[in-house]
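First to last, the sequence lines map onto chains A and B. Mind the numbering: the first sequence is residues 24 to 169 in the working numbering, read in order. Mind the numbering: the second sequence is residues 24 to 169 in the working numbering, read in order.
Derived from the structure by calculation, the hints contain no laboratory data. Hints may contain errors.
Since copy identity is lost for identical chains, a pair holds within one copy or between any two.
Dumping the calculated DMTMM-like pairs for lysine to aspartate or glutamate here, alpha-carbon to alpha-carbon at most 20 Å [stated by the list, open to error]: (1) Lys-126 / Glu-51; (2) Lys-116 / Glu-51; (3) Lys-126 / Glu-44; (4) Lys-126 / Glu-160; (5) Lys-126 / Asp-154; (6) Lys-106 / Glu-140; (7) Lys-106 / Asp-145.
Protein chains: 2
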Amino acid sequence: MQSNSRLAVAIHILTLLAFREGEQITSEYIASSVMTNPVVIRRILGMLRKAGLVTSHKGNTGGWQLAKPIDQISLLDAHAAVKPGPAIALPLKEPNARCCIGKGIRCALIETFDDVEQVMMDRLSGITIADILNRVEGVSLSQPTD
Amino acid sequence: MQSNSRLAVAIHILTLLAFREGEQITSEYIASSVMTNPVVIRRILGMLRKAGLVTSHKGNTGGWQLAKPIDQISLLDAHAAVKPGPAIALPLKEPNARCCIGKGIRCALIETFDDVEQVMMDRLSGITIADILNRVEGVSLSQPTD
DNA sequence: TCGTAATGTAACAACAGAAGTTACATTTGA
DNA sequence: TCAAATGTAACTTCTGTTGTTACATTACGA
Numbered sequence: 024m025q026s027n028s029r030l031a032v033a034i035h036i037l038t039l040l041a042f043r044e045g046e047q048i049t050s051e052y053i054a055s056s057v058m059t060n061p062v063v064i065r066r067i068l069g070m071l072r073k074a075g076l077v078t079s080h081k082g083n084t085g086g087w088q089l090a091k092p093i094d095q096i097s098l099l100d101a102h103a104a105v106k107p108g109p110a111i112a113l114p115l116k117e118p119n120a121r122c123c124i125g126k127g128i129r130c131a132l133i134e135t136f137d138d139v140e141q142v143m144m145d146r147l148s149g150i151t152i153a154d155i156l157n158r159v160e161g162v163s164l165s166q167p168t169d
Numbered sequence: 024m025q026s027n028s029r030l031a032v033a034i035h036i037l038t039l040l041a042f043r044e045g046e047q048i049t050s051e052y053i054a055s056s057v058m059t060n061p062v063v064i065r066r067i068l069g070m071l072r073k074a075g076l077v078t079s080h081k082g083n084t085g086g087w088q089l090a091k092p093i094d095q096i097s098l099l100d101a102h103a104a105v106k107p108g109p110a111i112a113l114p115l116k117e118p119n120a121r122c123c124i125g126k127g128i129r130c131a132l133i134e135t136f137d138d139v140e141q142v143m144m145d146r147l148s149g150i151t152i153a154d155i156l157n158r159v160e161g162v163s164l165s166q167p168t169d
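Make the full structure from the sequences, and use the hints.
Printed below as a string of structure tokens:
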């Protein structure tokens, strides 16, 4: 299948909250920006809250806001919060242990894929929501360079 | 979903062919090592052949073998051959262009994710089937270090 | 030249995870 | 006490992956 897009949505949400910092933002409003259903957004907001990245207020005037300064939320934080499976998946069934290659390949693949995933994580950890917001505003406002 | 495991299977196949270099290996034999159906294996072998990594012979005594020396096949080659989608997926629907963040976020995410994916690819390009075979044999034979 | 055992591929079923949707209990400020 | 929000469960829909069956084609060797 297409693998899940929760990280992309999570970053979209965090960037929106960053843009509107100080305000209470509703899941409905966010959903209209992401173009999806508010429940989908609340599901992801729930994960972000569990990870300590956002806070919510119930009730009539409730909504969501960031729990930290925007330059202290990295994409790695968002990634960890929404737990998308491994970047490179293993087969469900274990290989045949009676085959010389089958016996050792899974372990070798795990080591290798973990290693590759680690460099991805390192890169994600160096990018913050502040960076993304900058980039988005740069595009949206298409500010002149002189 | 769990995203597809074709890269893992492809590496398993290539490593097996490397181990048995010089011989004609059948899809049935490979399937019994991977613990799956021969057709699944042939599908992936087909992709590997299209990428020039393996060759096949039809007919009674047919089978498969590597098309290149094992230290000249990188995991990046295998990755390109089996085309697993992007490591980090975008949502199917475009965000709302009438929202300031929605308007720019997709572009920013694409740039960012491409960047992250690139470091993964760089790492994959530095690992060859020869490396994997070494690692597997190291585990399987659990060779003493003295 | 004929049988055997392989590739090559189409078609379909089974399965699983993601995303969308509806419904509703709960909360809280005005 | 009403209105509007969160929080969550349950279910549906969709889509891609994997597994399976079936069969045409190929080519070696007896």
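Lys-126 and Glu-160: within-copy, between-copy, both or neither at 20 Å Cα: For Lys-126 and Glu-160, the Cα distance is within 20 Å only across copies (9 Å; inside one copy 52 Å).
Please work out whether the CA atoms of Lys-126 and Glu-44 approach to 20 Å or closer within one copy, between two copies, in both situations, or in neither? between (54 Å within a copy, 18 Å between copies)
Homomeric proximity label, Lys-106 with Asp-145: Cα distance no greater than 20 Å: So Lys-106 and Asp-145 pass the 20 Å test inside one copy only (16 Å; across, 24 Å).
Can you give me the call for Lys-106 and Glu-140, within, between, both or neither, at a CA distance of at most 20 Å? both (13 Å within a copy, 17 Å between copies)
Between Lys-126 and Asp-154, at a C-alpha cutoff of 20 Å, which is it: within one copy, between copies, both, or neither? between (45 Å within a copy, 16 Å between copies)
Should Lys-126 paired with Glu-51 be assigned to within, between, both, or neither, using CA atoms and 20 Å as the limit? Between copies only: 18 Å across, 51 Å inside.
When no copy is named, should Lys-116 and Glu-51 be tagged within, between, both, or neither for a Cα gap of at most 20 Å? Between copies only: 17 Å across chains, 41 Å inside a chain, cut-off 20 Å.
In terms of the numbered hints stated before, the structure departs from none.
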